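Going down the list, the sequences are from chains A and B.
So the first sequence is numbered by my numbering: it starts at 1389 and just counts up by one.
So the second sequence is numbered by my numbering: it starts at 1389 and just counts up by one.
Just so you know, the hints here were simulated from the structure itself, not pulled from any lab data.
Predicted, not measured: the structure shown is a model, and the values here were computed from it.
Incorrect hints may appear among the rest.
[Claimed, not checked] Just a few of them, taken from the derived set where beta-carbon distance is under 8 Å, the chain A residues facing chain B:
#, residue
1, Ala1410
2, Asn1449
3, Ser1453
4, Gln1460
5, Leu1499
6, Gly1502
7, Ile1503
[What the hints assert, rightly or not] To spell it out: a stretch of chain A is covered by chain B in this simulated footprint if at least three of its residues, at any positions, have a beta carbon under 8 Å from a beta carbon of chain B; those stretches are:
#, region
8, 1465-1477
9, 1505-1518
10, 1601-1612
Glycine included, each C-beta is placed from N, C-alpha and C at the ideal position.
There are 2 protein chains.
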Amino acid sequence: MKKHNFSAGPAILPAVVLEQAAQAAADFNGMGLSILEISHRSPEFSAVLDEAHGLVRELLNLDESYEAIFLQGGASSQFFMTAMNLLDENSKAAYVDTGTWSAKAIKEAELFGGIEIIASSKDKNYSYIPKEYSVSKDTAYLHITSNNTIFGTQYDTFPDIEVPLVADMSSDIFSRPIDASRFGLIYAGAQKNMGPAGAVLVIVKKSMLDKVNRTIPTMLNYQTHIKKGSAFNTPPVFPIYVSMLTMRWVKENGGVEGMQKHNETKAALIYGEIDRNPMFRGTVIDPVDRSKMNVTFIMAEGKEDLEGQFMEMCNEANCVGVKGHRSVGGFRASIYNAMPLESVQVLVDVMKRFEEKYG
Amino acid sequence: MKKHNFSAGPAILPAVVLEQAAQAAADFNGMGLSILEISHRSPEFSAVLDEAHGLVRELLNLDESYEAIFLQGGASSQFFMTAMNLLDENSKAAYVDTGTWSAKAIKEAELFGGIEIIASSKDKNYSYIPKEYSVSKDTAYLHITSNNTIFGTQYDTFPDIEVPLVADMSSDIFSRPIDASRFGLIYAGAQKNMGPAGAVLVIVKKSMLDKVNRTIPTMLNYQTHIKKGSAFNTPPVFPIYVSMLTMRWVKENGGVEGMQKHNETKAALIYGEIDRNPMFRGTVIDPVDRSKMNVTFIMAEGKEDLEGQFMEMCNEANCVGVKGHRSVGGFRASIYNAMPLESVQVLVDVMKRFEEKYG
Chain A
1389 MKKHNFSAGP
1399 AILPAVVLEQ
1409 AAQAAADFNG
1419 MGLSILEISH
1429 RSPEFSAVLD
1439 EAHGLVRELL
1449 NLDESYEAIF
1459 LQGGASSQFF
1469 MTAMNLLDEN
1479 SKAAYVDTGT
1489 WSAKAIKEAE
1499 LFGGIEIIAS
1509 SKDKNYSYIP
1519 KEYSVSKDTA
1529 YLHITSNNTI
1539 FGTQYDTFPD
1549 IEVPLVADMS
1559 SDIFSRPIDA
1569 SRFGLIYAGA
1579 QKNMGPAGAV
1589 LVIVKKSMLD
1599 KVNRTIPTML
1609 NYQTHIKKGS
1619 AFNTPPVFPI
1629 YVSMLTMRWV
1639 KENGGVEGMQ
1649 KHNETKAALI
1659 YGEIDRNPMF
1669 RGTVIDPVDR
1679 SKMNVTFIMA
1689 EGKEDLEGQF
1699 MEMCNEANCV
1709 GVKGHRSVGG
1719 FRASIYNAMP
1729 LESVQVLVDV
1739 MKRFEEKYG
Chain B
1389 MKKHNFSAGP
1399 AILPAVVLEQ
1409 AAQAAADFNG
1419 MGLSILEISH
1429 RSPEFSAVLD
1439 EAHGLVRELL
1449 NLDESYEAIF
1459 LQGGASSQFF
1469 MTAMNLLDEN
1479 SKAAYVDTGT
1489 WSAKAIKEAE
1499 LFGGIEIIAS
1509 SKDKNYSYIP
1519 KEYSVSKDTA
1529 YLHITSNNTI
1539 FGTQYDTFPD
1549 IEVPLVADMS
1559 SDIFSRPIDA
1569 SRFGLIYAGA
1579 QKNMGPAGAV
1589 LVIVKKSMLD
1599 KVNRTIPTML
1609 NYQTHIKKGS
1619 AFNTPPVFPI
1629 YVSMLTMRWV
1639 KENGGVEGMQ
1649 KHNETKAALI
1659 YGEIDRNPMF
1669 RGTVIDPVDR
1679 SKMNVTFIMA
1689 EGKEDLEGQF
1699 MEMCNEANCV
1709 GVKGHRSVGG
1719 FRASIYNAMP
1729 LESVQVLVDV
1739 MKRFEEKYG
């Protein structure tokens, strides 16, 4: 009974990664010990940490001006840590508000400096990505949420501005190539495209740091973790290990270029069906803003009563996690890197059968 | 080839827990999905979280005046979070310095209020637990490190004072019964007696909170996580699951009373051998201060050159992780809850054979 896992996060991971993860929990690399009970300073785990750091650099083509570290506390902790580390009390940062996660990032950053919301799509329930705005040169950074899991929007291209971008890429990291040089900082909770819950990746341009005067607790200072290669204190060993396995899988499957191609094929298949099928309609206004990670759609006008019937047909076909977030309603199919095309086809077939039955 | 895992942390976990963890990483509860890819808001994981919270309360006999939450960032983040949440700028707290971890806790707390180090065993390389001191009534709390992994000391009884205790119990939580009513807050990184790396348990008396005026980022405020039952943001799903399994194992094996009995038997066996065997000597001055979790010992005077030979015999007998921390030198056998008596006997037998060969 194979399940097709369309959950928004924690989300589907490659089958081979799950097999390797289960094996390591029983016996890691033939050590006679589980990865759950070995020292984070053992040569065996140090090798994992090195490979994980190396894979981030390689997959995103980072040059020496960037550092990559693994932390705990999720992207939610990065909402305040970014501002705490990058923004002085007397300086200002600009934020684009594209939904729930942007709004949370804004709220926390306001504790540390002047925050200007230069654009928002709140007026239309976050169903588009704002595009027309400018940022003054004295702004420390512009913060964006590259993909919005709840509202199903994604930046197709990044803002063309003169200040560094700070991006929450929790839900689309490693899903496509990016020009890293445009980013001052990127953070990503592991539990969508990178691994299981319990680790967060932070990539930071070194020149962004050491510009604030406030006293920062040791654990909240990026420099602490950079200097110790993500092992200042005990890191989340297993979440990092599984993230490393997932990045290895990305590399073996064509890297981020391979992921992009695969993700575009899947997105074309399901958006094509949403547009064709008179029972459904997409929730994102401009097709260019449609997320290739989280596909949000609702019942077509007049068909709202059939929502339960569609969910039931999804469940019968072993398609799980398709229910939409309460902020949008309807349905959400998350089709992250690890989602096979075959599973998207299964869902599309359900949509077709649903039309035949109730259309 | 069974390994006897004497690592200080991440450390040995019960064999049955490792089996269940590996199974859940492959297929959780017959769901057809790995626990690594299910939503943290699924009924299946909500049940895990509920059981984990319930087990903490049950094992430590907590009444309704206490809250228990699981966070990320390790005990290292609690060094500052405790003071940030409990201590106002104009109030003061007392700390006992019993080694590396105490010292780190003191350093971070100093950012938030007046910190008085009322006792320290630094004068004798932290080889004892200070006992004679008093705390003035206007002190917000007294912070102690209940067990010191590096120096092999442990509080046999807790300070008899009038202010609430705040304790780092990272390395001896669930190893013995405690009178919770004497503690205002207890924190414990999972990766010794509770589970794998990636989660930290915080137990707090509700009356300790809401007494500070500073603005606290949402993720750093204990109330945030109390109100949301450890699921304000995505919690570290797998580390919490494995911690829950370990607590379940503690309960099934006599609870903390059963652990205490088991731990005392193991400690008596190895300390007995250290005291008997002329090749070794213990590093802790007063026997009452000896840790029942981390047994530190060095070569007897004049035998220092034989350290390598003893380590080699340990390795041959599959006893791993016995090398002492560089701050103490020599050897450290960590014998946490999950360590079977049989493994301690194997190490003791190595000590005896070592004496026969080189004595």
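For each hint, the structure was consulted:
Look at Ala1410(A): its Cβ gets to within about 4 Å of chain B, closer than 8 Å, so that hint holds up. Checking Asn1449(A) against chain B by beta carbon gives a least distance of about 28 Å; that is not within 8 Å, so the hint is violated. For Ser1453(A), the suggested interface contact is broken, since its CB lies about 27 Å from the closest CB of chain B, more than 8 Å. A cut of 8 Å between beta carbons decides the hint on Gln1460(A): the least distance to chain B is about 4 Å, and the hint holds.
Using the Cβ-Cβ criterion of 8 Å, the hint placing Leu1499(A) at the interface with chain B is satisfied: the shortest such distance is roughly 6 Å. Checking Gly1502(A) against chain B by beta carbon gives a least distance of about 16 Å; that is not within 8 Å, so the hint is violated. Because the closest C-beta pair between Ile1503(A) and chain B is about 14 Å apart, greater than 8 Å, the hint is violated. Chain B is given as covering the region 1465-1477 of chain A, and this holds because 4 residues of the stretch bring a CB closer than 8 Å to a CB of that chain, at least three being needed.
Figure legend: the region 1505-1518 of chain A, annotated as covered by chain B; annotation inconsistent (0 residues with Cβ-Cβ distances under 8 Å, at least 3 required). By the rule of at least three residues with a Cβ nearer than 8 Å to a Cβ of chain B, the coverage given for the region 1601-1612 of chain A holds, with 5 such residues.
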